[in-house]
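Visitor: This is what each chain is made of:
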Amino acid sequence: MKKAITAIIAVAIIALMALGYADAAAHRAHSGGGETEVDPQEIIFEHLGDAYGWEVPFNHSQRIPLPVIVRAQDGSWHAFMSNRLEEGAQYDGFQIAKGGDYNNKVVQVLPDGSQYRPIDLSITKNVAGIFIAALLVLLMVFKVRNWYKKNGMKAPRRFTASLELVVDFVYTDTIRPIMGKEAPKYAPYLLTAFFFILTMNLLGLIVIFPGGANLTGNLAVTAVLALLTFLVTNLTGTKHYWKEIFWPEVPTALKLPVPLMQIIELFGIFTKPIALMIRLFANMMGGHMVVIVFMLLIFIFGSMFGTAIGGVMTPLSVALSLFMLLLDVLVSFIQAYVFTILSTMFISMAHVHEHAE
Amino acid sequence: MELFKPEFGLAFWMFIAFLCLFGILAKWAWPFIIKSMEERADLIDKGVAYAQEAKSHLDNAKAEADKLIAEAHDKQNEMLREAEKMRNQLIENARGEAAVEAKKVTDAAQVSLEQARKEAEKQLRTEVGDLALQIAEKVIRKNIANDDAQRALVDQYLSEVESKN
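Protein chains in written order, with the working numbering: chain A, 0 to 356; chain B, 4 to 168.
One chain only, chain A, in its complex shape (with noise of 0.2 Å):
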């Protein structure tokens, strides 16, 4: 009975995603051709690249205003809603340039009519995700921490217990085991990047308003965290760290006349930070690509073979994107997760010592 129902349920949502694919068709058809065809590459970029408001569903016209605030050509700032500079309009000699090198970027309107990029510290959507998801982990942590503060060495319940189960893994089973004795002082940067990184791949998977923003799929935000890395692997090297990397323990030959060895372990230094960069950036940007691609598929199909086929596609492409996303949330615990161990292994690495050989 149960199973009867259910399948009921689904044929009757299939069926009207295939319906509703048909009537919009035919609606648009109907409607004279003034719209223009669909652009999937511009929708695939739109989606995963930033914005200057955040958009609302079933509202293509209205966005959630957000501050811009940029250093003009004479070095004064200014700062203003979004809403100001929509549909092209222009505030303050500032808009969003369409096309050419600033494409969907505020820029300065210069009186010759040239476009000058102003430094842009605007809140775009994507610094709000960031903000979002950095709040998201403060209140996720106090939550934990709060916990022992008030309960001492109960073990905690539900939600707060999930949470210490993935502390636990993270610091535990591999943060510890890795480093050693060093495990609690690098631990809070590793558990910091680990939960940041972890919520943000989260929240891009939500499609309404406090997720959608591609974060980690952007290498600006994977930059900053490799560069991080970076900064603490490097700055608290040890000597022999480093006396690793310009008199490494290998015959004279490879490093006296031509430092052959040096230059391959100073490309080294830099190559592991920016795999983690692209790493991070490629499985979450290529994850959020691979769902819309199957969601446009209807359209593409739709635009080629006609109406009936695009309804046919819906319910295909709907479950094939159901499926990536249910997959992205598996692949964003994982690249948290290797972020993390990969960072915990470079920093222990540049901690070796004389008798760690």
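Be aware that one or more of the hints could be misleading.
[As the list claims (entries may be wrong)] In silico lysine to aspartate or glutamate, EDC-like type, Cα no more than 16 Å apart, as pairs:
(1) Lys97(A) with Glu86(A)
(2) Lys141(B) with Glu124(B)
(3) Lys38(B) with Glu243(A)
(4) Lys8(B) with Glu45(A)
(5) Lys153(A) with Glu41(B)
(6) Lys153(A) with Asp172(A)
(7) Lys153(A) with Glu130(B)
(8) Lys8(B) with Asp100(A)
(9) Lys38(B) with Asp167(A)
(10) Lys97(A) with Glu45(A)
(11) Lys149(A) with Glu42(B)
(12) Lys184(A) with Asp151(B)
(13) Lys148(A) with Glu41(B)
(14) Lys141(B) with Asp151(B)
(15) Lys167(B) with Asp133(B)
(16) Lys153(A) with Glu42(B)
(17) Lys180(A) with Glu67(B)
(18) Lys167(B) with Glu130(B)
(19) Lys238(A) with Glu248(A)
(20) Lys97(A) with Glu41(A)
(21) Lys254(A) with Glu264(A)
(22) Lys142(A) with Glu181(A)
(23) Lys242(A) with Glu264(A)
(24) Lys153(A) with Asp45(B)
(25) Lys254(A) with Glu243(A)
(26) Lys148(A) with Glu42(B)
[Claimed, not checked] Some chain A residues flagged as far from chain B (calculated, every beta-carbon gap over 10 Å):
(27) Leu18
(28) Pro56
(29) Gln61
(30) Ala133
(31) Arg278
(32) Leu326
[To be verified] Label pairs and their in silico Cβ distance ranges:
(33) Leu71(B) with Asp172(A): 22 to 30 Å
(34) Pro34(B) with Leu315(A): 44 to 52 Å
(35) Pro258(A) with Leu46(B): 48 to 56 Å
These aren't lab readings, by the way, just hints derived from the structure by calculation. The C-beta atom is built at its ideal place from N, Cα and C for all residues, glycine as well.
Based on the hints, put chain B in the right spot on chain A.
Guide: Chain B in isolation, oriented as in the chain A frame:
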């Protein structure tokens, strides 16, 4: 490809946000959480170790009790054996002493018996002498009379003596 051009503003705010988050958490949250978690892990480990120890103690206690009981049994048996031995010895001693005493008594009795016999012998001799003398006197007195009468008289006196004894 704007996706591959890192935006300075975003990186700037990301840096600020991460540092703030890290500063707050590293100062007030993570060390405390890690410390508490480790303390609790230690507490649980200790609890388990304590329980195991308690269990082994309990097992030991049982073995010890069994050992004590066995020892007590042994001691009891030994004590019983000792007591038996002591009793036997006591009896033996008593028997020996009794034998000595008895011998003493019989010896004394024998001595007194010998004495009594000697005395009796002496007395008998004097009495027999006396009697013989009396008889002789009477025989002499009645000498005048016949022999038969004399023999009868002796018989009479002898039977008198015999009846007296």
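Visitor: Each of the hints needs a verdict: does it hold here or not?
Guide: Now the hints, each set against the structure:
Between Lys97(A) and Glu86(A) the alpha-carbon distance is near 10 Å, which keeps this suggested pair within the 16 Å criterion. With a CA separation close to 25 Å, the supplied pair Lys141(B) and Glu124(B) exceeds the 16 Å bound. The suggested pairing of Lys38(B) with Glu243(A) is violated, with an alpha-carbon distance near 34 Å, which exceeds 16 Å. This hinted pair checks out: Lys8(B) and Glu45(A) have alpha carbons roughly 15 Å apart, not beyond 16 Å.
Straight-line distance between C-alpha atoms of Lys153(A) and Glu41(B) comes to about 13 Å, which keeps the hinted pair within the 16 Å bound. Restraint check: the Cα-Cα separation between Lys153(A) and Asp172(A) comes to about 21 Å, which exceeds 16 Å; the hinted pair is violated. Restraint check for Lys153(A) and Glu130(B): the C-alpha separation of about 125 Å exceeds 16 Å, so the hint is violated. The hinted pair formed by Lys8(B) and Asp100(A) meets the criterion: a straight-line CA distance of about 11 Å does not exceed 16 Å.
Under the criterion of a C-alpha separation no larger than 16 Å, the hint pairing Lys38(B) with Asp167(A) is consistent with the structure, at around 12 Å. For the hint pairing Lys97(A) with Glu45(A), the CA-to-CA distance comes to about 12 Å; that is within 16 Å, so the pair holds. Restraint check for Lys149(A) and Glu42(B): satisfied, since their Cα atoms lie roughly 15 Å apart, inside the 16 Å limit. Under the criterion of a C-alpha separation no larger than 16 Å, the hint pairing Lys184(A) with Asp151(B) is inconsistent with the structure, at around 159 Å.
Distance restraint check for Lys148(A) and Glu41(B): the Cα-Cα separation of roughly 14 Å lies within the 16 Å cut-off, and the hinted pair is therefore satisfied. Using a Cα cut-off of 16 Å, the hinted pair Lys141(B) and Asp151(B) holds, with the two alpha carbons roughly 14 Å apart. A C-alpha spacing of about 14 Å is found between Lys167(B) and Asp133(B), which places the hinted pair at or below 16 Å, so the restraint holds. Restraint check for Lys153(A) and Glu42(B): the C-alpha separation of about 11 Å stays at or below 16 Å, so the hint holds.
Our distance criterion of 16 Å between C-alpha atoms is broken by Lys180(A) and Glu67(B), whose separation comes to about 44 Å. Taken as a hint, the Lys167(B) and Glu130(B) pair is honoured in the structure, with Cα atoms around 12 Å apart against an allowance of 16 Å. Distance check on the hinted pair: Lys238(A) and Glu248(A) sit about 14 Å apart at the alpha-carbon level, within 16 Å; holds. Note on Lys97(A) and Glu41(A): the hinted pairing holds, with a Cα-Cα distance of about 12 Å set against a maximum of 16 Å.
Under the criterion of a C-alpha separation no larger than 16 Å, the hint pairing Lys254(A) with Glu264(A) is consistent with the structure, at around 11 Å. Between Lys142(A) and Glu181(A) the CA atoms are separated by roughly 26 Å; this puts the pair beyond 16 Å, and the hint is violated. As the CA atoms of Lys242(A) and Glu264(A) are separated by approximately 11 Å, the hinted pair is consistent with the 16 Å bound. Proximity of Lys153(A) to Asp45(B) is assessed by CA-CA distance (about 13 Å); at most 16 Å being required, the pair is judged to hold.
Distance check on the hinted pair: Lys254(A) and Glu243(A) sit about 12 Å apart at the alpha-carbon level, within 16 Å; holds. With a C-alpha separation of about 13 Å, the suggested pair Lys148(A) and Glu42(B) falls inside the 16 Å cut-off, and the hint holds. The beta carbon of Leu18(A) is kept farther than 10 Å from every beta carbon of chain B, the shortest such distance being approximately 35 Å. For Pro56(A), the condition that its CB be more than 10 Å from all CB atoms of chain B holds, with the nearest at approximately 24 Å.
Residue-level check passed: Gln61(A) sits 23 Å from the nearest beta carbon of chain B, beyond 10 Å. Its closest Cβ contact with chain B, about 5 Å, brings Ala133(A) to no more than 10 Å, contrary to its assignment away from the interface. Consistency note on Arg278(A): stated as away from chain B, and its beta-carbon is indeed over 10 Å from all of that chain's, at 15 Å minimum. Chain B leaves Leu326(A) outside its interface by the beta-carbon criterion, the shortest separation being 21 Å against a cut-off of 10 Å.
Taken as a hint, the range 22 to 30 Å is violated for the pair Leu71(B) and Asp172(A), whose Cβ atoms sit roughly 48 Å apart. The beta-carbon spacing between Pro34(B) and Leu315(A), approximately 51 Å, falls within the hinted interval of 44 to 52 Å. Remark: the range hint 48 to 56 Å for Pro258(A) to Leu46(B) is upheld by a beta-carbon distance near 54 Å.
Taken one by one, the earlier hints fail for this structure at numbers 2, 3, 6, 7, 12, 17, 22, 30, 33, listed in ascending order.
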